[in-house]
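Visitor: The lines below spell out each chain.
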Amino acid sequence: MYYLLTWFVAVTVAWIVPRLLPYNAVEITVSQMVRSLTQGSSMISPQEYKEMVNYIEGLFGANEPLWLQYVHFWEDLLHGNLGPSIAFFPATVNKVIAEALPYDLILIIPSTVVAWVIGNILGAQIGYRKTGTITDKASMIAFVAINNIPFFVLGLLLILVFAVDLHWLPATGYTFSAIPRLTWSYLPIFFRHWILPFASVTIVSLGGWVLGMRQLIINEKGSDYMNYGEALGIRPSILSRYAMKNAFLPQITGLALSLGTVVGGSYVLEFIFGYPGMGYIMGIAATDNDYLTVAGVFVVIATVVLLANYIVDILYSVLDPRVRVAEVGE
Amino acid sequence: MSRRIPRPKVEVQSIRNSLLWSLLRERFFLGGVIVLLIVVVPALLAGVIAPYKDYLAPVGPLNSPPSAKYLLGTTGFGQDVFSQLLFGTQHTLFVATVAAVLATLIGLAIGIIAGFMGGIPDAVLNFLTNTFLVIPTFTILLLIASIVHHPGLQLEAVIIGAFSWPWGARAYRSFALNMRSRDYVTVARLNGMGGLSIALTEIMPQMLPYIAIMLVMTLNGALMADVGLDAIGLGPGNTITLGLMIGYAWGWGALVYNWWWWWMPPVVVIILVATSLTAIAIGMDRVFNPRLRGA
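If you read the protein sequences in the order shown, they are chains S and E. Start counting the first sequence at 1; every next residue gets the next number (UniProt numbering). Start counting the second sequence at 1; every next residue gets the next number (UniProt numbering).
Don't read these hints as lab results, they were simulated from the structure. All values derive from a computational prediction rather than experimental measurement. Fair warning: there could be bad hints in the mix.
As the list claims (entries may be wrong) - What the simulated footprint calls covered on chain S by chain E, stretch by stretch (three residues with Cβ under 8 Å from a Cβ of chain E suffice, anywhere in the stretch; the number is not a length):
#: 1; segment: 6-13
#: 2; segment: 142-151
#: 3; segment: 156-163
#: 4; segment: 260-270
#: 5; segment: 279-292
#: 6; segment: 296-307
Even for Gly, the Cβ is constructed at its ideal location relative to N, Cα and C.
Work out the full structure, taking the sequences as your base and the hints as a guide.
Guide: This is the structure we're talking about:
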């Protein structure tokens, strides 16, 4: 219920933002369309121009009262119709998104999960050791530095090393010589283009999880039950497992919250790599003033991120007995 | 957190001094500040020390590697990279700073109102905060960019700032909530102080260290958003920023042809600034949160 309401607000943002700005979205869209249609030598007659303005106005519902525009916006949305795309004309926004979404899922989900798992294990190891040593401090500075590089900047560095210097991997995330299909011949090609963006996201996210987990374990180490356990002479390996179980919970919430940042950060990365996900689409569409496509992608991304948050929430209640009990009690 | 600033006026001064001292003794903080100054001071003096004041004008051969005449080489258009770097850093930091201050003000207002008033305002504002926390902020920025093309630096700063407040708002809210039930706040209320004056005179001073930390973190976030937007080509036109430098270099094949001097300098500056900002935040956190010290 809570998520439904959030989704409602998020989608409304996509509708409200262009209407709050002191710009005429219809005008910008029409001029963009004229530009893309007349790129050849073809001309547009005044008659056609007028028809186009009318069509776009109808699309935005600019000739209707505001509340009706809003109703129509939802009507179209719930029918799964996101309108035509201008930057990728004649494809519709639906088609553009349907082609891009799989690329995002296969990039973001594995990299987030891998970074989370490795980062937490590494962080727990570092945190449980004696802190304050030189290795501890050096590794901490290294992880702070890594965690604060934007995805795409690390991507640039990786391209320099692996694509330009070593010629091991292609510099871009997409190839036009292979048709994207789920065949055995396409998969290795895809993989070669996927590995660098994947590595960029994973390595940068890793730093954050390591630092978070390290701090959490240090906090756990100072708590009463750990001191008691130590006094009882419980083996450190068992104690560290107890500490880890408790420290994991905030990290799960962190996972949900980090999703938005990861998705947002990967846009520029996709653009730099030419990786054909939603970020790439959005970058091109925004450059082309294609508001309809950007808004469509926005709605889909908000939906996916909220769904992911919902799933993490459920996961959390499964893992934390206190939350589970509270929910049953209600 | 910092219940360490007590009321008596005499002691406040000395405690503030000792706080400053512990800050300067904290290596993370000191190191961060030093690195940041090394980057920021030349950028602020760009107008004085840049060899070529017109950073967009072609002044030399195309794509020449670093030399005595062009300290960091030239771009594919024959512009001086060193001059671009100085002005680019200045412009990027300007956008990030304005955005961060704006975001902090919005976050403070929302956080304190929500946390201190409770009830329906809190429910509404908290819901709003959580919503914007979940939606990837960068998507909203792209949404605006698809309509507003090539905003100036000021407008870009305002747009980024207007959507960078949720993390701060959340933190300030929980702090205000925590403060609200403290005894001295109750005493102030029984003394007939209004909500606003309690918030300003009793809660704000306690929050200052906290605000400083959040401000630094927000600054970092705004920097990332700015660099990202500019690198895709959605930033301001007709000027130079670190993101634009990377965007141009990438777009004109500097990466593939290995003209590293074109795009490496802005990348290094971004990493230095981001890392030093985080180090400063960590250092402040350690000093203001005595529990973390020694960890």
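Visitor: For every hint, state whether the structure bears it out.
Guide: Structure-based check of each hint:
1. 6-13: holds (count 4)
2. 142-151: holds (count 6)
3. 156-163: Holds, because 4 residues of the segment 156-163 of chain S bring their Cβ atoms closer than 8 Å to Cβ atoms of chain E.
4. 260-270: Check passed, 7 qualifying residues.
5. 279-292: With 8 residues closer than 8 Å to chain E, the segment 279-292 of chain S meets the three-residue bar; holds.
6. 296-307: Our answer is that it holds, as 6 residues pass the Cβ test (under 8 Å) against chain E, meeting three.
Hint compliance for this structure: every hint is met.
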